[in-house]
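Trainee: Now for the letters of each chain:
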Amino acid sequence: MDLFPVFTGKQKIGPLDRPLPKVKYEISVNAFAFLFSEVVQYCHSKVYTVPELQKKLSEMGYHIGQRMVDLIFLREKNFKRETKLINMLIFIKTNLWKTLFAKDADKLEHSNDDPTTYYIIESDPIVNKYISYNRDKGSLNCASFIGGIIEAVLNETGFNAKVTVHWHKGTTFMIKFDQAVIDRDKAKE
Amino acid sequence: MAKPVKNVDSKKISSDLFSLTYGSLVFQLIKDYENPEDVNKQLERIGYNIGLRLIEDFLAKTNTPRCFDFKDVADKIQSAFRMYLGITPSITNWSQGNDEFSLTLEANPLAEFIELPDHLINLRYSNILPGIIRGALEMVQIEAKAWFLQDYLKGDATTELRIKFIKKLEDVMPQGED
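Protein sequence lines, in the order shown, are assigned to chains A and B.
Residue numbers for the first sequence follow this note's numbering, so the first one is 1 and each next one is one higher.
Residue numbers for the second sequence follow this note's numbering, so the first one is 1001 and each next one is one higher.
Next up, chain B with everything else stripped away, as it sits in the complex (with noise of 0.2 angstroms):
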């Protein structure tokens, strides 16, 4: 059996330059694409990118064995966000059937410096992050969905990101082989 890693992702660097590089990104985004929706549409996608790969990283790291409930699936997105963003966001708000739930962020350092003007109010400048969990969810093999109920750019209290269980993907043979 493979040891687990030590000193997990001891290298750190600063959220300025995280926070401002994600910045020039939505920025260049804004100028090609001109319409919120559209800018919105981009950054899922382009998060959806980022977590089909982040959940190897993740999964190497941390040596997690496969999720048997989604109060499970909640803690292990909770302390993904501990490892990559320096943030615990605190799991609120469950619904009846355990199926959905909020993370609420009292920081976020994707939106450190940002203020939104009043034109781009439809702009959901952290969308990157549902995406990425999306699509890390997808790899092993949990189709959900995130949505942002709240935003703290928006005159919010806090960030609230509510996440729904849609379905268990199943593995498909593939055409032909038995």
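Next comes chain A alone, as it looks inside the complex (with noise of 0.2 angstroms):
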């Protein structure tokens, strides 16, 4: 162990030192959708089968996910946590969607039958637009990497709940919140 530091005369500057950046539109969606295509095969020689590699694929979006809600808390809503379940829904909708996308999620419902269900409707994910899905591999859907993002989103907020993808009216995320989270938030009104 060193106990004293070595001064090599360069200073390392943190991310913490810096400025928040601010979103930047600039990279070209093509530069993305290559990477993607990096991280998606990656990923499917690590596993053998496809809910394995949807499960990988959310656990790499579960990491960006952690890394955006403080990102956009600060930068966006001035420091100030949602507490309430449909705020924090419609703030994924647009905040989290804007900010990844530069757009709104094409839709927010809520279950008739079940109370701790909600769905947010994307007709035409970016992650989707550039792979081409073979039949043996059906249900594959590579939205799974964003349902791992709102999955940690909601997580680290203080909303447990689990995110699946679906192919349903393009590609659907279903949200099923613990059952305490939907008393919790019952309890307030």
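Errors might be hidden in some of the hints.
Claimed, not checked - According to the in silico footprint, chain A covers these stretches of chain B (three or more CB under 8 angstroms from chain A):
(1) 1012 to 1023
(2) 1045 to 1051
(3) 1083 to 1093
(4) 1099 to 1113
As the list claims (entries may be wrong) - Listed below are the simulated SDA-like cross-link pairs for lysine to any residue, each with C-alpha atoms no more than 25 angstroms apart in a straight line:
(5) B:Lys-1164 <-> B:Cys-1067
(6) A:Lys-24 <-> B:Gly-1023
(7) B:Lys-1012 <-> A:Asp-104
(8) B:Lys-1071 <-> B:Leu-1059
(9) B:Lys-1061 <-> A:Lys-55
(10) B:Lys-1011 <-> A:Asp-106
(11) A:Lys-55 <-> A:Lys-24
(12) A:Lys-176 <-> A:Lys-24
(13) A:Lys-46 <-> B:Lys-1031
(14) A:Lys-46 <-> B:Lys-1012
(15) A:Lys-176 <-> A:Asn-112
(16) B:Lys-1168 <-> B:Glu-1115
(17) A:Lys-162 <-> A:Ala-180
(18) A:Lys-98 <-> A:Ala-33
(19) B:Lys-1031 <-> A:Ala-180
(20) A:Lys-129 <-> B:Ile-1055
By construction, these hints were calculated from the structure, which means they are not laboratory data.
Don't be surprised by glycine CBs; every beta carbon is placed ideally from N, CA and C.
Combine both chains into one complex, guided by the hints.
Mentor: Okay, structure coming up:
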């Protein structure tokens, strides 16, 4: 163990010493598509089945979501977290989506028969645009990646939920909250 | 003759999604390979794969004719950076024989939120970029080598990417053909 710091004449500048970067929409969609396709291929090389691949992609997304939370709340919400369930969902539909994809999500719906379930519907998510789906991998949906981001954002803000991805009216993210989250939200009213 | 493509690549996305996705990939590689040297190699390989395909996209969109010297190549690489990453690196430090130059990146969209911990000091975080350049140039029959001379993440003032021309690749007739 070094007891004394070694002075190399170079001082590292950490991300916290820099001002928080503004949202910039400068990266070409193609650059992202190339990168994402390598991400999918890399994940594919590490797993054997479609569900495993989806899970891996959603883990990658989760890693991003955890970092997005602070970033967006600091940047756009004036350091204030959302505490109400419906506001949180609207936050995802608008703020999160805007930061990621420069647009709102297409739809936000509440399930008729299950009070714990909500849907966010996106007819044409960017991650699916450049991926061709083989018939033998019928159920694969690379939007699991975005599902992971949503799940992380919800969990990190105290709304524990499971997010799954389905092919339905485009891509549907099914958000199933823990019963405790719903109860808490009811008690507040 | 084909008309030049107008409004080249108007669709843009946020750099946050891009840099965080890349971060997530690097994180995964570090988990899988542990040794930073191996991660560097993997990143270079992934970049190479991207380069092989990116060049098609670049040529199709820009209608670029063949480059006649390495200075020309440098300009093209610069415009590719602008087109894909929204940054314009400056071209500096030409070698005597005009076969080696540096790209200086003021900002690096890949490394927007990154701090390298001490045990990963050997990690070349943005190593995907040299890979992309090598792969793309190989497809236009230029063998080149690219590597980082300076890295902002390691405490240097800027990020400097060095590119060296090695040789021109010739078309080889497939065996058994006249």
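Trainee: Can you tell me if the segment 1083 to 1093 of chain B counts as covered by chain A, using C-beta to C-beta distances under 8 angstroms and a minimum of three residues?
Mentor: The restraint on the segment 1083 to 1093 of chain B holds, since 5 of its residues have a Cβ under 8 angstroms from chain A and three suffice.
Trainee: For Lys-162 of chain A and Ala-180 of chain A, compute the direct alpha-carbon distance and say whether it is at most 25 angstroms.
Mentor: Answer holds: Lys-162 of chain A to Ala-180 of chain A is near 13 angstroms, not above 25 angstroms.
Trainee: Tell me if the straight-line CA distance from Lys-46 of chain A to Lys-1012 of chain B falls inside 25 angstroms.
Mentor: Distance of about 30 angstroms is beyond 25 angstroms: violated.
Trainee: Within the assertion that chain A covers the segment 1045 to 1051 of chain B, do at least three residues meet a Cβ-to-Cβ distance smaller than 8 angstroms?
Mentor: holds (count 3)
Trainee: Would you check the hint for Lys-46 of chain A and Lys-1031 of chain B, treating anything up to 25 angstroms between C-alpha atoms as holding?
Mentor: Satisfied, since the Cα-Cα distance of roughly 12 angstroms is no more than 25 angstroms.
Trainee: Does Gly-1023 of chain B sit within 25 angstroms of Lys-24 of chain A, going by the straight-line distance between their CA atoms?
Mentor: holds (17 angstroms)
Trainee: Are the Cα atoms of Lys-1012 of chain B and Asp-104 of chain A separated by 25 angstroms or less?
Mentor: holds (15 angstroms)
Trainee: Hey, Lys-176 of chain A versus Lys-24 of chain A, does the alpha-carbon distance stay inside 25 angstroms?
Mentor: violated (32 angstroms)
Trainee: If you draw a straight line from the CA of Lys-55 of chain A to the CA of Lys-24 of chain A, is it 25 angstroms or shorter?
Mentor: violated (29 angstroms)
Trainee: With a cut-off of 25 angstroms on the C-alpha distance, tell me whether Lys-1011 of chain B and Asp-106 of chain A pass.
Mentor: Holds, because 19 angstroms separates the two Cα atoms, which is no more than 25 angstroms.
Trainee: Under the criterion that the straight-line Cα-Cα distance not exceed 25 angstroms, is the pair Lys-176 of chain A, Asn-112 of chain A satisfied?
Mentor: Holds, at about 13 angstroms.
Trainee: For Lys-1071 of chain B and Leu-1059 of chain B, compute the direct alpha-carbon distance and say whether it is at most 25 angstroms.
Mentor: holds (18 angstroms)
The structure fails hints 9, 11, 12, 14, 16 and 19 (numbered hints given earlier, in ascending order).
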